[in-house]
Each structure stands twice: as structure tokens, then as C-alpha cells.
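Student: Based on the provided sequences and hints, a complete structural model is requested.
Going down the list, the sequences are from chains X and L.
The first sequence: position 188 = 188 (my numbering), numbered continuously.
The second sequence: position 167 = 167 (my numbering), numbered continuously.
Hint data in this document are derived by calculation from the structure and do not stem from the laboratory.
C-beta atoms are modelled at their ideal positions from N, C-alpha and C, and glycine is treated no differently.
One thing to keep in mind: the hints can contain errors.
Using 25 angstroms as the maximum straight-line C-alpha spacing, the simulated SDA-like pairs for lysine to any residue come out as follows [as the list claims (entries may be wrong)]:
1) L:K134 with X:K88
2) L:K134 with X:S212
3) X:K95 with L:K134
4) X:K88 with L:G199
5) X:K95 with L:A202
6) X:K89 with L:N195
7) X:K95 with L:L315
8) L:K213 with X:I273
9) X:K88 with L:Y311
10) L:K324 with L:F310
11) X:K88 with L:R198
12) X:K88 with L:R313
13) X:K186 with L:K88
14) X:K95 with L:S200
15) X:K89 with L:G63
16) L:K88 with L:F174
17) X:K89 with X:R169
18) X:K95 with L:E138
19) L:K213 with L:N264
20) X:K95 with X:K186
21) X:K251 with L:E138
22) X:K251 with L:K134
23) X:K89 with L:L306
24) L:K134 with X:P118
25) L:K134 with X:L266
26) L:K164 with L:N183
27) L:K134 with L:L87
Residues from chain L that face chain X, not an exhaustive set, calculated with beta carbons under 10 angstroms [to be verified]:
28) L27
29) A124
30) I298
Stretch by stretch, here's where chain X covers chain L in the computed footprint (C-beta under 8 angstroms, at least three residues) [to be verified]:
31) 58 to 66
32) 126 to 138
33) 307 to 318
If you want the building blocks of each chain, they are given just below.
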Amino acid sequence: MSTFLQLVLRSLETGSIYALAALGIIIIYRTSNITHFAQGAMGMFNTFVVTYLFTSAKMPLWMAILGGVTTALISGFLVDFIIIRHTKKVAPISKQIITLGLIMIFVGVAPFLFGVDPLNLPAILPNGAVSIGGASISYNGIFNISFGLVLMGILFYILQKTKWGLAIRTTASNEATARLMGVPTKTVTMVAWAIAGALGVLAGVMTAPFTSVNLNLMDGVQLNALIACVLGGFQTFYGPVLGAYIIGIVKNLLVYYVSSVWGEQLLYVGILIFIVFRPYGLIGKKIIKKV
Amino acid sequence: MKNKFNVKKNQNLSYLIFGAVLCTLPLWIELGVLKNSYLTLIGSVLIYSVAAIGLNLLLGWSGLISLGTAGFMGLGAYIAAYVTVNLKLPFEVSLLLGLAIPLVIGVLVGLISLRIEGLYLAIATLSVSEILRKSFEELGWFTNGFSGKSAVYPKLLGFITLDKYTTYILLVFFLIAVMILVNNLINGQMGRALNAMRGSEAAAQAMGVNLLKYRLVAFALATSLAALSGVLYMSFIKYTYPATWTLGMSLNILAVIIIGGVRNLYGTVLGAFVVFAMPDLFLKQIPYFGTMPGFAYIVNGILIILVILFYPRGLIYIGNDFKKLWGKLKARVAR
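Tutor: This is the structure:
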């Protein structure tokens with residue numbers, strides 16, 4: 001039982017990383033109608049910024065993270081301002097491919113600025129652990145889980161209860177109508193890109209202590225976040241978050257109880273079979289197309 | 001009948017001539033006009049072109065987006081290596097198996113694609129590719145795991161052992177064969193059906209296009225071309241390890257199509273040249289930036305975005321546009 005609890009707690013931690021990244025992807029998808037394949041690459045780049053501020057500029061970790069969040073906000077803002085804003089007339093498939101181009105740019109710029117050697121970033125709370133029902137979890141793990149939940153709580157509160165959230169939701173449901181109603185859709189999209197950037201770097205900072213800060217830091221996170229979006233459905237904001245936690249938990253359980261080698265592949269096969277039966281995800285509704 | 005030998009009218013003839021021109025490359029290297037390393041470079045351009053033509057069939061003509069190219073290329077490469085090195089079977093058998101097994105998986109993905117659309121399909125194919133890549137890492141008996149697997153130059157019909165130059169000629173042969181095959185397919189009934197499907201599925205269905213059939217055919221062709229490219233990769237480069245076949249490779253192949261020209265075969269080859277050969281040929285010569293790590297990646301990324309924003313038809317049409325511009329200028333001067 002305690003192993004099971006331990007696994008679930010550990011999975012909640014990875015689940016919150018996936019959830020933050022997935023939330024960034026879904027916010028972009030709903031406001032700009034673009035699948036944000038570069039979420040991971042941008043997160044990776046800004047995690048490099050955090051690491052650079054921490055190791056080379058000798059800042060305290062919290063200040064380095066704030067610095068990283070700032071550059072993430074700026075890079076998200078710039079991506080929208082320079083590129084995405086001008087893609088109104090571009091075909092839908094080409095729009096997705098623009099973010100693929102963005103991956104190449106961020107992955108190419110990172111080694112130029114920060115060198116090719118992998119760096120290390122410590123956890124926010126480096127040591128200490130508590131035991132819950134026989135399962136031990138580090139302070140940092142608890143911090144990551146609760147920080148993820150609180151942050152998502154704040155974001156969902158903003159989305160559902162404030163005027164800004166309303167603007168984002170209107171833009172998401174129909175951009176042209178929103179613009180006619182006086183919603184500043186351009187600003188909304190820009191803010192969405194900035195928020196997605198910040199969520200990306202937070203996911204990156206949480207991932208970094210498990211491995212080293214390198215160019216492939218966020219590859220797994222990006223993939224799982226995308227699959228979480230598919231699992232939860234692209235129609236709601238909370239679907240992908242739910243999907244992310246499910247993927248985190250199911251993956252660890254499969255890896256531990258079924259096969260350490262084939263667990264992850266089994267999960268992907270399972271999700272493929274799942275979309276065959278529910279093509280619009282857990283929460284999603286079928287979109288009826290007019291001919 | 002006069003048109004038969006007119007290169008502009010007869011596409012197949014133009015592909016053959018293109019192939020003949022490509023075949024002269026070893027000659028130039030022997031004469032010392034071009035550097036020896038260019039053979040590997042142009043050879044890999046041809047290999048990636050084959051995979052890109054497959055993806056073009058899917059993305060360009062059928063409008064189905066796939067991010068799984070790399071997985072199928074890797075599968076083809078590993079099957080080729082396993083069949084020729086471990087089982088000691090001839091190259092022809094490895095070619096057949098290397099095409100058949102990915103084809104079956106491709107048809108399965110095609111079946112899934114009937115249920116899901118757009119980005120769901122993209123991510124579904126991405127996870128297929130990821131499953132394949134993870135399997136390459138784990139199946140040590142088949143792929144030799146992380147340390148990578150090597151192969152030898154192919155031996156045709158059991159007695160003609162190829163070397164570097166003749167393997168290159170083999171690559172040219174396969175590329176031209178694929179170009180002629182795909183050109184004939186898309187100019188026939190299938191091409192029209194795919195075009196109709198891309199425009200509107202409902203309309204295509206109403207006109208009597210069998211969606212199931214053509215989607216499956218498109219997926220089967222795309223995956224087997226990707227696998228063919230993997231088999232060729234193995235016989236020319238002769239070494240592979242799992243980290244080659246990641247999402248990055250699929251993205252590069254996608255970039256090839258977007259940069260070169262969607263729905264254009266020569267455009268695909270041009271795109272492959274820009275993406276895979278230009279970094280080594282030109283960018284490394286540029287002072288300061290040339291030695292920068294990741295510079296080629298940045299240039300390709302910027303190129304993709306610029307082409308999508310300002311030149312959505314692809315670089316292959318740049319000649320036509322210049323011609324038009326030239327004509328306009330001439331007209332203006334004449335006036």
C-alpha cells in the first residue's frame with residue numbers, strides 16, 4: 001500500500017509539470033488556434049536563462065526564477081508580436097508548422113548563448129522529506145504539487161471570474177465575434193502567449209532537478225503535455241489538466257507494476273486506442289461541421 | 001507524338017534527365033572538381049527526399065498531417081540492417097521486408113486516421129513514432145540499443161557488391177523511380193481523389209470518392225516511402241542509433257516540404273537540399289556565425305517562418321516569379 005501511495009505522490013509531481021505545460025498549450029490553442037509545439041522548446045530556453053542567472057550571475061534561486069519568468073513573458077510576447085500576429089491569412093496547417101520553426105530557432109539559439117555543456121539546477125527546497133502513510137515525499141515534491149495546484153487555481157479563477165478571463169474565453173469561442181464586441185483580441189492573444197511562456201519555464205524549472213539542463217530537457221514534457229491535451233480534449237481549459245494528471249499517474253503505475261521497459265509504450269498504445277473510441281477526448285464534445 | 005520528347009511536356013523524361021545529371025556526380029569527384037565529402041552530402045539529400053516525397057503525398061495532396069516520419073524511417077533502417085547483417089539475407093529481401101512491415105503499421109495508422117482529424121492525427125502519429133523510437137532503444141537483439149547498429153554496402157542479386165559510388169547510383173535510381181511513380185499516381189485518378197478529399201471531405205464523399213480506400217493508400221504509400229528512405233539510409237550511411245529518429249527528424253522532413261514547395265516533386269528535392277546540405281555547403285563558410293553551434297538550425301527555423309509568411313508556395317516557384325518579374329520589366333522598358 002505504501003509503495004502505491006508513494007507512486008501516486010510521485011506521479012502527482014510529474015503530473016503537475018505536465019499540467020502546467022499542457023495548460024500553456026491549451027491557452028494558445030484556444031486563443032490563436034495554433035497547436036503550440038514549441039511550448040517545450042521555449043520552456044527549455046528560459047530554464048537555461050534561470051540556470052545562467054543562478055550559476056553564472058550568482059543570483060539567489062528565487063530571483064533567478066523570477067528573471068526566467070520575466071524573459072519567458074517577454075519571449076512569449078515577442079513571438080506573438082513578431083510572428084503570430086501576421087498569420088491571419090495563413091492556412092491552418094502552415095500555422096502549426098510555424099511553431100515547428102520556432103522550436104528550431106529556440107533550440108539553435110540556446111547553445112549559442114549558454115554553451116553546449118549541460119548545466120545543473122538544484123531543486124527549490126533541496127533537502128528534507130516527510131512521510132505520509134508510510135510513503136515518503138520530499139519537501140520539494142510537496143512544494144511542486146501544491147505550487148502547481150495553487151497556480152492553476154489562480155489561473156482558473158482569473159479565467160472564470162474576472163473580466164480578463166471573460167475576454168480570453170470570448171476570444172477562444174469565436175475570435176471574429178469577440179473583436180466585434182469590443183474585446184481587444186490582439187492584446188488577449190499576446191497575453192496568452194506570455195502566460196504560456198511563463199507556464200513553460202515553471203514546468204522547466206520543476207523538471208530540471210530530475211536531470212541536467214540540456215537541449216532535450218523538455219522533450220518528454222512536451223510530448224506528454226500534447227498527449228494530455230488529446231486525452232482531455234481541446235475544447236475545455238480543464239480537460240488537458242485532468243489528462244496531464246491521469247497520464248502522470250497511469251504512466252508511473254504501468255512502469256512500476258507492469259513493465260519498466262514497456263510501460264510508457266503501453267500507455268501510448270492505450271491512448272491511441274482510446275482516441276479511436278473517443279476521438280474528441282475525455283471532456284470534449286463532437287464538433288459538428290457544416291458542409 | 002511529337003510531345004513525347006519534349007522535356008517540358010513529358011514529366012517522366014525530365015525526371016530521367018534529372019537522374020542522369022545526378023549520376024554524373026561521382027565523375028566530378030573523380031575529376032577533382034568537387035570535394036569527396038559532397039557525395040555523402042548529396043546522397044543523404046536524395047535519401048531524405050524520398051521520405052519527404054512520401055510525406056508530401058500525405059500532407060500536400062491529401063491534407064493529412066503526420067509527425068511520425070522519423071519512426072518509420074528508423075524502422076526501415078533497422079529492418080534493413082537486421083535482415084542483411086544478422087540474418088545474412090540478400091539486400092532484395094531486406095528491401096521487401098523493410099517496406100512490408102512499416103506498410104502494415106502505416107495501414108493501421110490509416111485506419112485510426114479515419115476517426116480523428118487535424119492535430120489529433122498529428123499527435124497520434126507522433127505517439128506512434130515515439131513508441132517506435134522507445135522500442136529501438138529497448139530491443140537490443142534487434143537494434144543493438146544505444147550503441148548503434150552498423151551495416152555494409154548492399155550486394156545486389158547476390159553477386160554485385162556495391163561500393164560508395166555505385167550505392168550512390170542506387171540511391172539516384174530509387175529517387176527517380178519514386179518520383180516517376182508518384183508523378184503518375186497524382187496525375188491519375190488517385191491524385192484527383194486526393195485533391196477532392198483535401199478540398200472538402202464531405203464533397204468528395206458525395207462525389208463518390210471512397211475515403212477509406214484513399215486514406216489507407218495515402219498512409220500506406222507515405223509510410224513505405226519513409227521506410228524505403230530508411231533502408232537506403234542504412235545502405236549508404238551504414239550506421240544508425242536510436243537518437244537519430246526523434247521528433248527533430250520528422251520536423252526536418254516537414255521543413256523540407258514547406259521550404260521547397262508543397263505538392264511539387266522538384267520542390268521537395270530542392271527543400272531537402274536547402275535543409276540538409278546547405279548548412280554544410282554554405283553556412284559553415286560564413287565567418288564567425290559558421291562555427292556557431294546550432295546556426296544551421298536557426299537559419300532553417302527562420303527560413304520556415306519566412307517562407308510560410310511571405311512565400312507560401314515554396315522556394316521552387318522562385319524561378320517562375322523571377323521570370324514574370326523579368327517579363328514585366330522588359331515590357332516596361334519596351335514601352
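Student: Next, verify each hint and record whether it holds.
Tutor: Checked hints:
The straight-line distance between the Cα atoms of K134 of chain L and K88 of chain X is roughly 38 angstroms, outside the 25 angstroms bound, and the hint therefore fails. A C-alpha spacing of about 20 angstroms is found between K134 of chain L and S212 of chain X, which places the hinted pair at or below 25 angstroms, so the restraint holds. Simply put, K95 of chain X and K134 of chain L have alpha-carbon atoms about 29 angstroms apart, too far for the 25 angstroms limit, and the pair is violated. With a C-alpha separation of about 20 angstroms, the suggested pairing of K88 of chain X with G199 of chain L holds against the 25 angstroms cut-off.
Restraint check for K95 of chain X and A202 of chain L: satisfied, since their Cα atoms lie roughly 24 angstroms apart, inside the 25 angstroms limit. This hinted pair checks out: K89 of chain X and N195 of chain L have alpha carbons roughly 21 angstroms apart, not beyond 25 angstroms. At roughly 18 angstroms between alpha-carbon atoms, K95 of chain X and L315 of chain L fall within 25 angstroms of each other, so this suggested pair holds. A C-alpha spacing of about 21 angstroms is found between K213 of chain L and I273 of chain X, which places the hinted pair at or below 25 angstroms, so the restraint holds.
Distance restraint check for K88 of chain X and Y311 of chain L: the Cα-Cα separation of roughly 15 angstroms lies within the 25 angstroms cut-off, and the hinted pair is therefore satisfied. For a cut-off of 25 angstroms, the pair hint linking K324 of chain L to F310 of chain L stands: about 17 angstroms separates their Cα positions. Taking the CA atoms of K88 of chain X and R198 of chain L, the gap is about 21 angstroms. The hint holds against a cut of 25 angstroms. Taking the CA atoms of K88 of chain X and R313 of chain L, the gap is near 17 angstroms; set against the 25 angstroms cutoff, the hint holds.
With a C-alpha separation of about 62 angstroms, the suggested pair K186 of chain X and K88 of chain L falls outside the 25 angstroms cut-off, and the hint is violated. Taking the CA atoms of K95 of chain X and S200 of chain L, the gap is about 19 angstroms. The hint holds against a cut of 25 angstroms. Straight-line distance between C-alpha atoms of K89 of chain X and G63 of chain L comes to about 18 angstroms, which keeps the hinted pair within the 25 angstroms bound. For the proposed pair K88 of chain L and F174 of chain L, the alpha carbon gap of about 23 angstroms is at most 25 angstroms, so the pair holds.
Proximity of K89 of chain X to R169 of chain X is assessed by CA-CA distance (about 22 angstroms); at most 25 angstroms being required, the pair is judged to hold. Of the pairs offered as hints, the one joining K95 of chain X and E138 of chain L is violated, with about 35 angstroms between alpha carbons and a cut-off of 25 angstroms exceeded. Between K213 of chain L and N264 of chain L the CA atoms are separated by roughly 23 angstroms; this keeps the pair inside 25 angstroms, and the hint holds. The hinted pair formed by K95 of chain X and K186 of chain X meets the criterion: a straight-line CA distance of about 17 angstroms does not exceed 25 angstroms.
Restraint check for K251 of chain X and E138 of chain L: the C-alpha separation of about 17 angstroms stays at or below 25 angstroms, so the hint holds. Only pairs whose Cα atoms come within 25 angstroms are accepted, and K251 of chain X paired with K134 of chain L is accepted, the gap being roughly 14 angstroms. About 14 angstroms separates the Cα atoms of K89 of chain X and L306 of chain L, which keeps this hinted pair within 25 angstroms; it holds. Between K134 of chain L and P118 of chain X the CA atoms are separated by roughly 23 angstroms; this keeps the pair inside 25 angstroms, and the hint holds.
The suggested pairing of K134 of chain L with L266 of chain X holds, with an alpha-carbon distance near 11 angstroms, which does not exceed 25 angstroms. Note on K164 of chain L and N183 of chain L: the hinted pairing is violated, with a Cα-Cα distance of about 29 angstroms set against a maximum of 25 angstroms. Distance restraint check for K134 of chain L and L87 of chain L: the Cα-Cα separation of roughly 23 angstroms lies within the 25 angstroms cut-off, and the hinted pair is therefore satisfied. The closest approach between the C-beta of L27 of chain L and any C-beta of chain X is roughly 35 angstroms, which is over the 10 angstroms cut-off, so the hint fails.
For A124 of chain L, the interface hint holds, the least distance from its beta-carbon to any beta-carbon of chain X being 6 angstroms, beneath 10 angstroms. The criterion of a C-beta within 10 angstroms of any C-beta in chain X is met by I298 of chain L, whose closest approach is roughly 4 angstroms, and the hint holds. Only residues whose beta carbon comes within less than 8 angstroms of a beta carbon in chain X count, and the segment 58 to 66 of chain L has 3; three or more means the coverage holds. With 8 residues carrying a beta carbon less than 8 angstroms from a beta carbon of chain X, the segment 126 to 138 of chain L meets the three-residue requirement, and the given coverage holds.
Counting residues of the segment 307 to 318 of chain L whose beta carbon lies closer than 8 angstroms to any beta carbon of chain X gives 3, which reaches the threshold of three, so the coverage claim holds.
Checked against the numbered hints listed earlier, the structure breaks hints 1, 3, 13, 18, 26 and 28; every other hint is satisfied.
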